[in-house]
Amino acid sequence: MAHYPTRLKSRRTYSWVGRPLLDRKLHYQTYKEMSVTLEHCSTEIHIQVGQFVLVEGTDNENPYVAKLIELFEDDLDLFSKKRARVQWFIRFCEVPVCKQHLLGRKPAEQEIFWYDYPACDSNISVETIIGSVRVIALAPDEVIPMDLKNEKTLFVKLSWNEKEFRPLSPELFAELDKLQEGSPRCQKPVGAKTKSIESPSRTTAEHVVKRIESRHSTSKSHQTPTHPVTPRARKRLELGSFPRTPNTRISQQTLWTSLDSPKRTKWEKVFSETTSPSKRSQPDALQTLSPALKAPEKTREIRRSRAEENKAASRECHVILRARVPALKTTEISEKTTLTPSEGGKRSLVAPFVILKPEKIKKSSEAKGPDAQGEATSTTHRIRRKSSLLTLNRIRQQLRFLDNGESDQEDGEFLLAAEVSYSSNEEEEAYTPPLPRRIPCRVSRNLRSSVKSSLQTPSTIPKKTPKPRMPCHATPQIRSRNLAAQEPSNMLEEARLRLHVSAVPESLPCREQEFQDIYNFVESKLLDHTGGCMYISGVPGTGKTATVHEVIHCLQQAVQANDVPPFQYVEVNGMKLTEPHQVYVQILQKLTGQKATANHAAKLLVKRFCTQGSSPETTVLLVDELDLLWTKKQDVMYNLFDWPTHKGARLVVLAIANTMDLPERIMMNRVSSRLGLTRMSFQPYTHSQLQQILVSRLKHLKAFEDDAIQLVARKVAALSGDARRCLDICRRATEICEFSCKKPGSPGLVTVAHLLEAVDEMFSSSYITAIKNSSVLEQSFLRAILAEFHRSGLEEATFQQVYRQHVALCRMEGLPYPTMSETMAVCSHLGSCRLLLVEPSRNDLLLRVRLNVSQNDVLYALKKSEGPQKPGV
Amino acid sequence: MRWFPRRLRGARDPEDIVAGGRGAGAGSRRKSLLFNTLSPLLPHKRKWRNGSGRGRREIRSRVGAGGGRGGRSRKCARHAGSSGVSLAAAGEAERTTRRRDPAKRFPQCLHPYSALGRTSFSARGFQFVEMSSRKSKSNNLIHSEYLSQVQRILRERFCHQSPHSNLFGVQVQYKNLIELLKRTAIYGESNSVLIIGPRGSGKSTIVNHALKELMEVEDVSENVLQVHLNGLLQINDKIALKEITRQLNLENVVGDKVFGSFAENLSFILEALKNGDRTSSCPVIFILDEFDLFAHHKNQTLLYNLFDVSQSAQTPIAVIGLTCRLDILELLEKRVKSRFSHRQIHLMNSFGFPQYLKIFKEQLSLPAEFPDKLFAEKWNENVQCLSEDKNVREVLQKHFNVSKNLRSLHMLLMLALNRVTTSHPFITAPDLMEANQLCSMDSKANIVHGLSVLEICLIIAMKHLNDIYEEEPFNFQMVYNEFQKFVQRKAHSVYNFEKPVVMKAFEHLQQLELIRPMERTSANAQREYQLMKLLLDNTQIMNALQKYPNCPTDVRQWATSSLSWL
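Going line by line, the protein sequences match chains A and B.
Take the first sequence: its position 154, counted from the start at 1, is 154 in UniProt numbering, and no numbers get skipped.
Take the second sequence: its position 193, counted from the start at 1, is 193 in UniProt numbering, and no numbers get skipped.
Note that these hints are calculated values from the structure, not bench results.
If you're wondering where the values come from, they're calculated on a predicted model, not measured in any experiment.
Ideal Cβ placement from N, Cα and C applies to all residues, glycine included.
Just to be clear, a hint being listed does not mean it is correct.
Said to hold, decoys possible - Reference listing, derived: stretches of chain B covered by chain A, where coverage requires no fewer than 3 residues with Cβ under 8 angstroms from a Cβ of chain A:
(1) 195-204
(2) 258-272
(3) 347-354
(4) 437-448
(5) 478-489
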């Protein structure tokens with residue numbers, strides 16, 4: 001193996017190449033490329049995002065291999081501001097010895113494995129990067145070439161997930177394969193699909209497309225969808241922002257190809273302009289409070305200067321490009337998405353091009369220089385400023401977006417522009433990587449060693465990334481599937497996906513007021529460095545937990561913007577505990593990662609919250625299903641609400657429960673007084689709100705008749721006002737619609753009839769059908785019960801009494817004499833269905849029988865089934 | 001197991017026997033699992049009771065020694081488990097032994113024990129002699145081989161819920177379920193559904209069918225995890241969680257053991273489910289049998305969490321609950337209920353008699369892959385004939401009237417099948433009629449038949465007391481007085497027993513649970529004055545008396561009227 005010079009041997013300087021791209025969401029600057037200069041020689045190594053790099057490790061012979069995903073500057077980290085996010089590869093020698101046999105063959109010398117282990121830390125310091133390397137992906141049936149002159153070429157064939165070696169998944173393979181496409185050695189077979197796009201002599205148009213795309217992606221470099229986790233939130237947004245039906249996709253495709261080379265330069269310019277408004281729309285909005293008005297202006301500007309079809313295409317491609325979602329993709333589109341990251345890698349091999357590129361971008365942005373400048377200054381300004389005014393703006397902005405969403409039916413022209421800005425804006429928001437505090441287990445690979453530090457400042461990782469890829473404990477994980485889940489193929493399936501309760505929208509419609517109240521409460525506590533309690537009540541399915549989650553999400557964004565001081569967020573759910581005192585254990589574990597018994601945890605928490613200055617930042621604690629934390633002494637509740645009152649505790653408790661008067665009903669005075677009077681109750685949704693929720697989820701997806709939506713909204717509002725129920729009914733209705741529709745290709749709209757059927761299915765009582773379908777003896781036994789009730793005037797009878805009636809009835813109707821055993825069997829059968837309420841059968845003849853259905857229902861059911869010739873009793 | 005003997009004696013139908021102490025609601029939970037553990041106790045129990053009668057122990061011991069076929073039929077009886085059935089088994093065993101030992105044939109035919117089918121037994125006995133003399137030995141051998149196969153195939157069909165059997169009349173529900181499962185398995189959509197229907201309506205069958213079909217779909221089988229839970233086995237969330245962990249084979253499972261406390265397990269599983277997402281993790285299908293019992297767990301923690309996962313963007317799961325309770329939704333706590341998707345699939349046995357006949361035919365027919373085509377053809381022809389026979393139809397109609405449950409049909413067919421032997425290779429209409437008689441037999445009447453005359457007299461005295469005092473409870477002293485009145489005035493055939501002897505008889509009745517104390521027996525209470533209630537209906541007593549062998553006429557007269565001695 002080659003000996004890689006490390007930093008110790010020769011001093012290196014690392015510098016960014018190209019203009020920083022400020023990502024507003026994350027509040028750090030991302031770069032597309034960096035250069036490494038060795039001190040002695042003047043050679044510069046340029047490393048771009050998407051390339052494979054060697055990362056310094058414990059072993060100089062075998063440095064770590066990784067693929068660069070993102071380069072960014074992190075101000076929070078004191079030691080190394082330049083940081084990179086990578087996807088790791090693992091060498092065979094790094095696989096634990098005890099598991100090496102799993103490979104089942106001798107590894108090739110230069111073989112590495114895709115490291116498919118999400119828990120490992122992918123955030124490294126740039127200074128640990130040694131240099132670039134070539135990695136070639138091989139199909140499972142290919143043989144690794146043994147005699148290679150170039151030692152810097154590595155081969156990847158399998159992935160390793162700490163448990164087993166697996167062949168690379170097809171998508172991954174295609175992606176990796178494309179990365180090396182531009183390299184000299186590309187005579188190897190490429191997958192049929194990729195070939196059709198990549199290998200044929202590229203027409204200029206196609207070339208343009210790719211270039212544009214890559215350009216676009218450079219402007220949002222960190223968004224390149226190499227990370228498997230990302231697309232989720234974004235997809236939802238896209239769905240909300242633009243109607244994506246197959247024909248728009250096709251028209252878009254044709255537009256792409258119709259662009260010919262003469263227009264190319266012009267086109268590029270158009271594009272760079274059209275992207276900018278959306279990019280800048282947020283700071284604009286923050287400055288002028290009117291993003292929706294400014295965005296259309298921009299587009300109008302363009303319209304003035306450009307030909308008609310160009311403009312249309314630009315707008316459309318603008319939207320399409322950001323919709324890099326595998327979800328609703330026909331194959332062409334998905335091909336494009338995977339192309340995006342490949343561009344970077346390819347270019348990096350063609351040196352002049354690489355260096356030129358950033359300049360190009362700079363030029364295009366310089367075209368509207370003042371604008372860009374303004375942007376930069378305004379943002380920096382904004383970051384420094386610390387006032388709640390901005391957050392107010394934020395809220396207002398959000399509210400306005402909701403309004404936009406509402407008004408979009410009326411206003412077509414305006415809508416598009418507004419929508420575009422909305423989506424880009426939201427997209428960035430949605431792009432926050434999952435905040436480490438919420439999922440501490442994913443934060444760092446070496447969680448055990450630096451639990452506390454990594455929790456406080458997740459990015460401080462020792463420069464040397466040691467060997468922490470092994471899981472310390474058993475990881476809680478369901479095994480992942482080999483075959484990716486299928487994506488919805490028609491409109492109804494799409495609708496079903498969006499109507500699933502799990503598909504939480506970016507912002508909850510109809511809960512603006514509650515959102516704002518909770519937000520203001522928590523924010524004020526954060527700004528004041530104090531603590532407090534808030535009690536939130538409401539019947540199930542009114543969006544309590546979802547609203548609080550949204551508040552926390554927004555606050556976390558605000559933390560990124562330095563608008564509010566950072567805070568720790570802990571969530572516990574009474575229903576997810578085995579026992580009330582376990583709440584201490586959970587809180588402690590989520591706060592510090594420590595494990596302790598309930599008593600010990602309680603002591604530690606008391607120490608933490610009740611001694612002054614022990615907690616450097618505020619803790620926001622969400623206690624869901626509060627009523628389950630009730631104990632006889634109420635010590636758990638007492639503690640939870642007592643801690644915030646201590647000086648220096650800096651604890652904000654948000655307690656959620658169903659009943660409005662819980663504090664009065666079950667809490668002792670000393671507990672309810674500590675809870676305070678900050679209360680909020682979520683009213684059940686009204687029918688118009690439910691309708692709005694449904695419409696906002698189904699935005700632009702014409703799967704339901706308007707009447708049908710209104711019907712279900714009214715039905716549910718009359719019943720419970722539970723949004724979950726509403727969504728479930730709609731989902732069921734789409735299924736019924738699909739089921740009833742014979743032609744598989746073109747399912748129709750969901751009509752009122754379908755919805756009624758679904759409602760019927762879910763809410764109709766089954767007692768009457770059960771009686772109708774019961775056997776003759778069972779029916780006559782029910783009749784005997786009615787007769788007995790009638791005779792005695794009571795609503796209860798012993799089995800013996802009913803049996804006598806039953807025998808008489810059977811004689812009258814010409815049925816054979818029912819024996820006691822048979823009748824008892826019938827009785828217990830009806831009892832097990834809960835048509836009857838019966839005592840335990842050891843009472844035998846004396847067991848008491850009662851009807852669980854109203855007598856009228858029984859009579860009705862019996863009459864219906866028997867017809868007029870045998871009337872009821 | 002303290003409750004067991006008492007339960008047994010009061011047993012009225014097979015389902016009840018198994019019910020154990022669960023009470024009437026849970027009363028007839030019957031899955032083979034429980035059944036197997038309890039069944040070995042049954043024959044023993046019976047033997048003990050019958051021993052009180054007249055000399056049946058002898059037959060019993062012979063049944064035990066019968067070995068071979070006799071042993072097997074007893075095993076069947078064990079499966080069926082009702083008093084009627086055990087009698088039937090004994091009857092059959094008796095016949096087989098009889099055949100082996102012709103010398104003993106006649107005395108046994110006259111034995112009171114075979115009162116049920118006395119005439120048919122003896123008639124068949126003669127038939128057998130004739131037939132065996134005509135038939136060649138080799139022919140007999142082949143037949144017996146096929147017959148044992150037939151019995152094996154059919155018994156498997158009747159006793160096990162094999163997913164290979166056909167579904168009857170639930171196509172719509174099945175389609176609904178399989179679509180739902182497919183959406184979870186293929187699209188990763190989370191779902192929850194309840195399958196509701198009375199016992200024996202095919203809930204488990206439909207689920208097993210659907211899972212089997214799902215697993216046959218390519219690429220699904222290795223991508224789907226299944227977790228089967230049963231409310232009777234996982235009686236609390238702690239056990240249930242361990243079982244889930246074990247079945248999912250998560251990383252804290254070592255071998256077959258799950259480590260960690262309840263709280264740890266819970267958070268571990270929740271974390272595991274939370275870490276998954278729709279597209280990349282394996283869908284998990286949870287099947288909760290006896291779903292209503294899970295609703296009784298503390299706080300319904302398990303259900304809440306399962307439904308919560310199914311309604312949030314975590315690992316895709318499908319929760320399928322099976323229950324026979326129609327009011328299941330009322331059992332769920334409001335938070336749990338809100339998270340449940342309210343999908344319900346109802347299985348209601350909604351078929352009519354013609355379809356029932358068809359099911360009967362289908363259940364009894366031999367499959368096409370039976371080794372001997374000729375025999376299978378003949379058998380199936382016979383089944384076809386049976387289904388057209390008037391008597392058989394009557395029997396089935398009667399059975400259908402009592403219960404639409406397919407399991408009870410299986411029981412009937414099983415009893416009929418037990419009659420099939422080499423000499424009697426096909427099921428006939430009388431077989432079915434006999435089986436039906438056994439099925440619908442009153443279990444208490446059988447006990448009364450085995451009582452002594454003194455005990456019968458006591459019961460009659462109680463009956464009169466009931467008539468006089470209108471169902472008010474009585475004590476021993478009252479019964480004894482009533483009995484004394486009868487003996488002194490009228491009785492010629494009944495010996496005037498001493499009081500302690502009568503007391504002993506009274507206690508025996510209590511042991512048989514024909515009478516029942518109103519309160520718990522305390523040690524220092526005087527037994528003579530403890531209040532009791534009779535657990536027999538008047539009609540039952542009269543019916544039993546009519547069939548009671550060698551009943552003295554004056555006793556019979558006394559039974560019809562309390563004033564007959566005047």
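Here is what the structure says about each hint:
no.: 1; hint: 195-204; verdict: holds (count 3)
no.: 2; hint: 258-272; verdict: holds (count 9)
no.: 3; hint: 347-354; verdict: holds (count 3)
no.: 4; hint: 437-448; verdict: holds (count 6)
no.: 5; hint: 478-489; verdict: violated (count 0)
Of the numbered hints given earlier, the model fails hint 5 alone.
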